[in-house]
Amino acid sequence: MPHIICLAKQVPDPETPAAQFKVDEAAKKVIPVPGIQPVPSQFDTIGVEAALRIKDDVADTIITIVSLGPDSNRDTIKHSLAMGADEGVHINDPAVNDSDHWATAETLAAAIKKLEPYDLIIAGRQAVDWDMGVVGTTIAEILDLPSVTIAKDVKMADGTVTVERVLLDGFETVEAPTPCVVTVSNELGEPRYPQLRQIMQAAKKEVKTWTIADLGIDTPQNRTTLEALFVPDTSIETEFIEGESAQEIGEKLAVRLNEEKLI
Amino acid sequence: MASGVLVFGEATDDGGLNPVTKELIAAGSNLGGPVTCVLAGTGVEGLAQECVAAGAGKVIVVDDPILTPYQGDAYIPMAERITKEVDPSVLLMGQTMMGRDLAPRLAQRFSTAVAMDCMALSMDGDQLIAERPCYGGSARARYKINGTPQMATLRAKAVEPLAPDSSRQGEIVRQDAGVTADQVRTKITDRRKEKAEGVRLEDATVVISGGRGLGGPEGFKELEDLAEIMGGAVGASRAVCDLGWYPVPTQVGLTGKVVTPDLYIAVGISGASQHMAGISSVKNIVAINKDADANIFKASRFGVVGDWKEIFPAFKEKVRELKSA
Numbered sequence: 001m002p003h004i005i006c007l008a009k010q011v012p013d014p015e016t017p018a019a020q021f022k023v024d025e026a027a028k029k030v031i032p033v034p035g036i037q038p039v040p041s042q043f044d045t046i047g048v049e050a051a052l053r054i055k056d057d058v059a060d061t062i063i064t065i066v067s068l069g070p071d072s073n074r075d076t077i078k079h080s081l082a083m084g085a086d087e088g089v090h091i092n093d094p095a096v097n098d099s100d101h102w103a104t105a106e107t108l109a110a111a112i113k114k115l116e117p118y119d120l121i122i123a124g125r126q127a128v129d130w131d132m133g134v135v136g137t138t139i140a141e142i143l144d145l146p147s148v149t150i151a152k153d154v155k156m157a158d159g160t161v162t163v164e165r166v167l168l169d170g171f172e173t174v175e176a177p178t179p180c181v182v183t184v185s186n187e188l189g190e191p192r193y194p195q196l197r198q199i200m201q202a203a204k205k206e207v208k209t210w211t212i213a214d215l216g217i218d219t220p221q222n223r224t225t226l227e228a229l230f231v232p233d234t235s236i237e238t239e240f241i242e243g244e245s246a247q248e249i250g251e252k253l254a255v256r257l258n259e260e261k262l263i
Numbered sequence: 264m265a266s267g268v269l270v271f272g273e274a275t276d277d278g279g280l281n282p283v284t285k286e287l288i289a290a291g292s293n294l295g296g297p298v299t300c301v302l303a304g305t306g307v308e309g310l311a312q313e314c315v316a317a318g319a320g321k322v323i324v325v326d327d328p329i330l331t332p333y334q335g336d337a338y339i340p341m342a343e344r345i346t347k348e349v350d351p352s353v354l355l356m357g358q359t360m361m362g363r364d365l366a367p368r369l370a371q372r373f374s375t376a377v378a379m380d381c382m383a384l385s386m387d388g389d390q391l392i393a394e395r396p397c398y399g400g401s402a403r404a405r406y407k408i409n410g411t412p413q414m415a416t417l418r419a420k421a422v423e424p425l426a427p428d429s430s431r432q433g434e435i436v437r438q439d440a441g442v443t444a445d446q447v448r449t450k451i452t453d454r455r456k457e458k459a460e461g462v463r464l465e466d467a468t469v470v471i472s473g474g475r476g477l478g479g480p481e482g483f484k485e486l487e488d489l490a491e492i493m494g495g496a497v498g499a500s501r502a503v504c505d506l507g508w509y510p511v512p513t514q515v516g517l518t519g520k521v522v523t524p525d526l527y528i529a530v531g532i533s534g535a536s537q538h539m540a541g542i543s544s545v546k547n548i549v550a551i552n553k554d555a556d557a558n559i560f561k562a563s564r565f566g567v568v569g570d571w572k573e574i575f576p577a578f579k580e581k582v583r584e585l586k587s588a
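From first to last, the protein sequence lines are chains A and B. Counting with the working numbering, you get residues 1 to 263 for the letters of the first sequence. Counting with the working numbering, you get residues 264 to 588 for the letters of the second sequence.
Source of the hints: derived by calculation from the structure; they are not laboratory data. Please note that the accuracy of each hint is not assured.
[As the list claims (entries may be wrong)] Listing some non-contacts, in silico: residues in chain B with all C-beta distances to chain A over 12 Å:
| # | residue |
| --- | --- |
| 1 | 324 |
| 2 | 352 |
| 3 | 371 |
| 4 | 375 |
| 5 | 387 |
| 6 | 410 |
| 7 | 429 |
| 8 | 433 |
| 9 | 465 |
| 10 | 480 |
| 11 | 579 |
[To be verified] Here are the computed lysine to any residue pairs in the SDA-like style, where the Cα-Cα straight-line distance is at most 20 Å:
| # | chain 1 | residue 1 | chain 2 | residue 2 |
| --- | --- | --- | --- | --- |
| 12 | A | 55 | A | 141 |
| 13 | B | 347 | B | 324 |
| 14 | A | 261 | B | 580 |
| 15 | A | 152 | B | 320 |
| 16 | B | 450 | A | 113 |
| 17 | A | 113 | A | 152 |
Glycine is no exception: its CB is placed at the ideal position from the N, C-alpha and C atoms.
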């Protein structure tokens, strides 16, 4: 039966209001906002959706969710299981929970090896916290697999994965043999939302917890040093155009832009 | 001992030099150089002199049909071999479809790391300092890379190209790709353009973008009218592209296009940080939004609070009148 592995990261809620988004510059970390729970990274949830669409066609497809991070990551795995994935693997080890992208890729690759055999690995095009966009493709290199990035559609049949890839000015269709890695983008469409019954079912699905020792590897080393993290000040003085009527405001705006030689 | 800067330039689909190439060469020069530029693809040799004029000390031309269109499996062995030969201290690519795909894979081949989508690069002694947006553009991070080469991808228009100087001397060498078809595990079976007419968003001096506040896809007709009057291009927020109101390639933002017009008119766009990441270097933003607290106003030079449907037609007609005067 086909086996798809989906990577799922948990991130601070990107919908956090800008006024509440704050950074601890000394710790080089984003300060959690009380009352706002971390959420599954959106592109990863879209990846789970891509896997479920394949499972919709081939019912005996098994989807395994792999997530690395602290205890709270269990919620992200549970969300994917409630969407319809079959089982979860939670890598939870203080030695790697704060890893950079490269050490994370090495840890995840070791976990994926342990889950052999598999046909397809799906990751989000980037996680919506650091926006680096390297983990999926790096895993492909570590495991010596072909990879296709930034997909809007993923199909799998007869040992071939067919991907619609988003380009700057259009799209291309790419075929890759299984097993391979695909990273998905928001153009794939909205992920399904779990129903109450599915959430209850998900509670019964198995989530394994692995540590670095379970993976049989040495703790991977970071390859980057975060030197600084800060919130840039991009606010500028705004000249608000006002008037008695919409007509007057619209015309005034055009006149002001003309005065500034902008039209 | 690794030294110098290796950059991977790019040609456009229609055979010109992708402007990011000159920006990469300038970035490499600013870091101290010398800059070696790789130009790979088909029919790219004619672009080599342009790279020399832009500041490259050496251009390595790799002309082979197997490299067009881009596929990671074809590029990786070529890029790995050239990187070994040149042994650069710093390696740069554009934050393009190629760079996004190739840079992390190449970094893994050298057990090094790459800072993606950088807005500023500098040197601290021998150490590259790479500054990049994160958290959807809400924050910035500065990285050091603990490996060789120190790699970064550069966001379009983040660095000014050097003034072209045709008297600059540079060495141009040809190399074979050294890649065979059996090394390429993927296969491109179809390729199509969506929306190629009019001014390219990335080149436009005026961009008029619409968001969810337009109320529906039909609102874009008004924006297109104004774009035609002003000789500009129309963009869209991710929300409306996801809703199918406007084509995906017009999406402006972190996961869409980075635009740098002289004037950006945002209509019904709230200004989510991921959208702002696509217009972070625009100096003149005009926002029309019914919500006075919309985030977009913080970065806007001119603001109008109100219903765009009432204000925009009058604005458009006045612009038409002023343009024809």
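Status of each hint after checking the structure:
no.: 1; hint: 324; verdict: holds (23 Å)
no.: 2; hint: 352; verdict: holds (16 Å)
no.: 3; hint: 371; verdict: violated (4 Å)
no.: 4; hint: 375; verdict: violated (6 Å)
no.: 5; hint: 387; verdict: violated (9 Å)
no.: 6; hint: 410; verdict: violated (5 Å)
no.: 7; hint: 429; verdict: holds (29 Å)
no.: 8; hint: 433; verdict: holds (28 Å)
no.: 9; hint: 465; verdict: violated (8 Å)
no.: 10; hint: 480; verdict: holds (17 Å)
no.: 11; hint: 579; verdict: violated (8 Å)
no.: 12; hint: A/55 - A/141; verdict: violated (26 Å)
no.: 13; hint: B/347 - B/324; verdict: holds (16 Å)
no.: 14; hint: A/261 - B/580; verdict: holds (17 Å)
no.: 15; hint: A/152 - B/320; verdict: violated (40 Å)
no.: 16; hint: B/450 - A/113; verdict: violated (25 Å)
no.: 17; hint: A/113 - A/152; verdict: violated (26 Å)
The structure shown violates the earlier hints numbered 3, 4, 5, 6, 9, 11, 12, 15, 16 and 17.
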